[in-house]
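**Student:** Read off the chains here:
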Amino acid sequence: MKFIKFLLLGIAFGIVMAKSEAISWFRIQEMFRFQAFHMYGIIGTAVMLGVIGVALVKKFKIRDFHGNPILFHPKEKSITRYLVGGTIFGLGWALSGACPGPMVVNIGYGFLSMGIVLLFAIVGTYLYGVLKEKLPH
Amino acid sequence: MREFITQTWSWWFSGTMIAAIMFFLLYFGQSFGFSANLRTICAAAGLGKKTKFFDFNWKAQTWNLVFLVGAIVGGFIAKQFLSSDVPLEISQATINDLSKLGIAAPSGLQPAELFSLDAILSIKGFLVLALGGLLVGFGSRYAGGCTSGHAISGLSDLQVPSLIAVVGFFIGGLIMTFFIFPLIF
Numbered sequence: 002m003k004f005i006k007f008l009l010l011g012i013a014f015g016i017v018m019a020k021s022e023a024i025s026w027f028r029i030q031e032m033f034r035f036q037a038f039h040m041y042g043i044i045g046t047a048v049m050l051g052v053i054g055v056a057l058v059k060k061f062k063i064r065d066f067h068g069n070p071i072l073f074h075p076k077e078k079s080i081t082r083y084l085v086g087g088t089i090f091g092l093g094w095a096l097s098g099a100c101p102g103p104m105v106v107n108i109g110y111g112f113l114s115m116g117i118v119l120l121f122a123i124v125g126t127y128l129y130g131v132l133k134e135k136l137p138h
Numbered sequence: 063m064r065e066f067i068t069q070t071w072s073w074w075f076s077g078t079m080i081a082a083i084m085f086f087l088l089y090f091g092q093s094f095g096f097s098a099n100l101r102t103i104c105a106a107a108g109l110g111k112k113t114k115f116f117d118f119n120w121k122a123q124t125w126n127l128v129f130l131v132g133a134i135v136g137g138f139i140a141k142q143f144l145s146s147d148v149p150l151e152i153s154q155a156t157i158n159d160l161s162k163l164g165i166a167a168p169s170g171l172q173p174a175e176l177f178s179l180d181a182i183l184s185i186k187g188f189l190v191l192a193l194g195g196l197l198v199g200f201g202s203r204y205a206g207g208c209t210s211g212h213a214i215s216g217l218s219d220l221q222v223p224s225l226i227a228v229v230g231f232f233i234g235g236l237i238m239t240f241f242i243f244p245l246i247f
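So the sequences go chain by chain: E and G. For what it's worth, my numbering labels the leading residue of the first sequence as 2, then goes sequentially. For what it's worth, my numbering labels the leading residue of the second sequence as 63, then goes sequentially.
Hints listed in this document are in silico derivations from the structure and should not be mistaken for laboratory results. Any given hint could turn out to be false.
[What the hints assert, rightly or not] Partial list, derived from the structure: chain G residues whose beta carbon lies under 8 Å from chain E:
| # | residue |
| --- | --- |
| 1 | ASN119 |
| 2 | TRP120 |
| 3 | ARG203 |
[Claimed, not checked] Which bits of chain G does chain E cover? Going by a derived footprint, with three or more residues having C-beta under 8 Å, they are:
| # | segment |
| --- | --- |
| 4 | 168-175 |
| 5 | 230-239 |
For each residue, glycine too, the CB sits at the ideal point set by N, CA and C.
Extracted from the complex, chain E is given alone in its bound form:
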């Protein structure tokens, strides 16, 4: 039953994403058109609290539930992969109105056509895995 806590956190995540309407294509359009504060408020609040919390975890060397130190792994330095990969991601995010989390929340919400988006996101991930060595990072 060590996984039940992750199930409960996933349920909380799904409910919050749905009730905040962050899973809505319309909300993503509002964001990319800079016509509402809602999505910026959600992400901004999460990041602001995240910055404070991560700094506190580091300062007080807080340990996790197993007693291990909570470590943050710096991501490898590059510009190309983040900028190009991020841009490709953004094109898809605006088109489908969903990033990977909201895709599955939408399916639970009853928008089964989001299953097509999820299926092709898996195909896209597979294509990246196949082409990885040929791409500039």
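Position chain G against the provided structure of chain E, taking the given hints into account.
**Tutor:** Below, chain G without anything else, positioned relative to chain E:
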């Protein structure tokens, strides 16, 4: 009380909850990054036999797949028990812009023009969703993360790579919204 729950949850409460979920995952020895699941699913499907990128101990990622299942259940609970019939209240400016593209004002969470059965059974409608998914899946792994891994977890740790990725998310999103949408809708 019921109305309080069924209305749109405020940005500050929702953002606070997302940060709380991220910290709970850290406390449980994991980190918040949803798109890693897509790679895990490829590995679990046995694609690691031919492609090195999917050859890793995916079972160590089981917790994240359980989180994914929870997210589906959460969506279901939100719809069945916590939703109202009040249409989404989005900005009038967005409604006006979208109507020029032939997309009607919201009557539910998602536009019928993209997600209804009629839409997905048309060639164009299917291709729009398929291409959207393909770009998200490819781009998230290329960039090494999605909104949760970069915009939330990475920015919280003040990581420059995540900031570059988020700038990329917006470059892509703005190109799609302002230059490609008028061509396809």
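**Student:** Each of the hints needs a verdict: does it hold here or not?
**Tutor:** Evaluated hints:
Because the closest C-beta pair between G:ASN119 and chain E is about 16 Å apart, greater than 8 Å, the hint is violated. For the restraint placing G:TRP120 at the interface with chain E, the shortest Cβ-Cβ distance is roughly 13 Å, beyond the 8 Å limit, so the hint is violated. For G:ARG203, the suggested interface contact is upheld, since its CB lies about 4 Å from the closest CB of chain E, less than 8 Å. Requiring three or more residues with a Cβ within less than 8 Å of a Cβ of chain E, the coverage given for the segment 168-175 of chain G holds, as 4 such residues are present.
Check on the segment 230-239 of chain G: 10 of its residues sit with their Cβ under 8 Å from a Cβ of chain E, so the three-residue criterion for coverage holds.
When the structure is compared with the earlier hints, violations turn up for hints 1 and 2 and for no others.
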